[in-house]
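A.B. asks: What follows is each chain in one-letter form.
2 protein chains.
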Amino acid sequence: MTTEIPFNKVAIIGVGLIGGSIAMALRSKGLCGHITGIGRTIENLVTAKKLGVVDSFTQELEDGVKDADLVIVALPVKKTPEVIKRIGAYLKPGAIVTDVGSVKAAIIEAVEPALPQGVHFVGAHPIAGGEQSGVAAASAGLFQGHKCVITPTESTDKAALAAVKKIWQEAGAQVVMMDAEIHDWILASTSHLPHIIIYNLVNAVGDTANRRADLMTYSAGGFKDSTRIASSSPEMWSEICGMNKGNIVDAIEGFQKRLETVKKFIQAGDLSSLTREFAKAKGFRDSLAPKQPALHKSHDHKPHEGPCNHDHHK
Amino acid sequence: MTTEIPFNKVAIIGVGLIGGSIAMALRSKGLCGHITGIGRTIENLVTAKKLGVVDSFTQELEDGVKDADLVIVALPVKKTPEVIKRIGAYLKPGAIVTDVGSVKAAIIEAVEPALPQGVHFVGAHPIAGGEQSGVAAASAGLFQGHKCVITPTESTDKAALAAVKKIWQEAGAQVVMMDAEIHDWILASTSHLPHIIIYNLVNAVGDTANRRADLMTYSAGGFKDSTRIASSSPEMWSEICGMNKGNIVDAIEGFQKRLETVKKFIQAGDLSSLTREFAKAKGFRDSLAPKQPALHKSHDHKPHEGPCNHDHHK
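Residue numbers (our numbering), protein chains in the order written: chain A, 1 to 314; chain B, 1001 to 1314.
No lab work stands behind these hints, which were simulated from the structure alone.
Worth double-checking, as some hints may not be accurate.
[To be verified] Capping the alpha-carbon separation at 25 Å, the derived lysine to any residue pairs in SDA-like fashion look like this:
#, chain 1, residue 1, chain 2, residue 2
1, A, K245, B, G1242
2, A, K92, A, L51
3, A, K85, A, E60
4, A, K280, B, T1208
5, A, K245, B, E1260
6, A, K257, B, D1270
7, A, K29, A, N8
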């Protein structure tokens, strides 16, 4: 890093939506020289090259990372520590390795003791993305206005931390430094629990649908809208559950306790307690509307979310 | 009903999205003469009159229903039987009363023994609506292509049943005759359980948000999208729970059993069972996409629901 460009050689492992977008952001901000894409699927790498997201590509880890100043691992969470441990031996002294996983403590725990002296790991998680996927959907502006959590530890190299922080700031993200444990606790609630509950809701309804083939023709749009995230990758979510076990189990148990209470209100016919419970949820949900950037079009906005929502349920 | 028009005088009790839309459908198909709107809120009734949805309006039940050939009660489920019981005494012999409630057995049970001889009740539930509400959103085409469940009993008058069936068919709905108990069992799964679970998910996350004010800034669009129905009316949903108690408690218990199993898979680190569970949900959810009419725009379609959905959770 003696030239003006912070990172002469960058390697991106996993050139999908996130990996491709951070490559484009680095390039657009003049933060890098040569970008090598590393992946398993040749077609995707060819596309990434054609789009100018990477300058070259390889399917060989050693080949791809050996001269890199910066390695960004944009793989599913289970693969992430495995791959980082493997590349450790190929990296040059001073190289910075960072990731984008939505689980942090387990990755750090596996990676930190395994990397050779002089190779610096910094954990990161950009909370962005959306419904699209693949390098064809990548864009330099993907992270604009979104949070990116960086999770340094006591042994994180200060210069490497500053460099990773700069990458995400230049990419337009709001960088927040946080303990990995806090990050994992937060994400268990805001993201991991919702996915598990929605998967479970779909299966519970699916059980009933097994008993009556035309069941779902008796549903309005609400169910489909609410369960879109159940189309997410089962493998990816299973891995996340495996790597954030404690927080997720706690979050599930909090949910279970509440649901048991709600069930008791219904059984007892205590509709005023039930109304209070639902009203609390409505209040919290309504409070979210203006605070977050609208990812979609107008259907995300307030006017469609009035008190008489789903008025057909009289 | 001696003229060519099936219903000379129609009374609509509750002139909102559903009540207003069925009035417009009746009118557009030439099925009615005069339509009277009955409601508590004068502003809404004035709007309904201005829009031509009703020909006249009143806030007095007796006044509104006394000469009616057909009375459509489009009120929340708890009010529905109360109001039908009250109007019984004012109705002329041969009058038909129908409703639009999303719970049927409890309404029928309360209403059938209470109506005078010669006044005919037919329970119905059009499964349509959407995110809008109020008479200003009403349209004659609202029910087009949607299911309308009609729930006759042994004592339902055959001619009244045929008349109500005709109304919904003319309104464009796919009419299905069904036992009230079957209807309530189906809706518990396809609609009531999802609302309860989403309310509960919002409250579980809300509990965590109470411990950390900025919690929800660490969430992508998934949570907000999945929980839109938590903005529905707490009173309405509490009433529905009170009136479909048995089926809803069964549905909750089915959900609870599954969630406990999922939790155990996570605790045991049994990721292959967990993946199978999530994959089953994904399979069921993906199978719904082509079957239902898209209520929104393109975000509802297949191309956005690929396997790498929410790719940012690496």
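A.B. asks: Each hint should be assessed against the structure and marked as holding or not.
C.D. replies: Against the structure, the hints:
{"no.": "1", "hint": "A/K245 <-> B/G1242", "verdict": "violated, 36 Å"}
{"no.": "2", "hint": "A/K92 <-> A/L51", "verdict": "violated, 29 Å"}
{"no.": "3", "hint": "A/K85 <-> A/E60", "verdict": "holds, 15 Å"}
{"no.": "4", "hint": "A/K280 <-> B/T1208", "verdict": "holds, 14 Å"}
{"no.": "5", "hint": "A/K245 <-> B/E1260", "verdict": "holds, 14 Å"}
{"no.": "6", "hint": "A/K257 <-> B/D1270", "verdict": "holds, 23 Å"}
{"no.": "7", "hint": "A/K29 <-> A/N8", "verdict": "holds, 13 Å"}
Violated hints, in rising order: 1, 2; the structure is consistent with all others.
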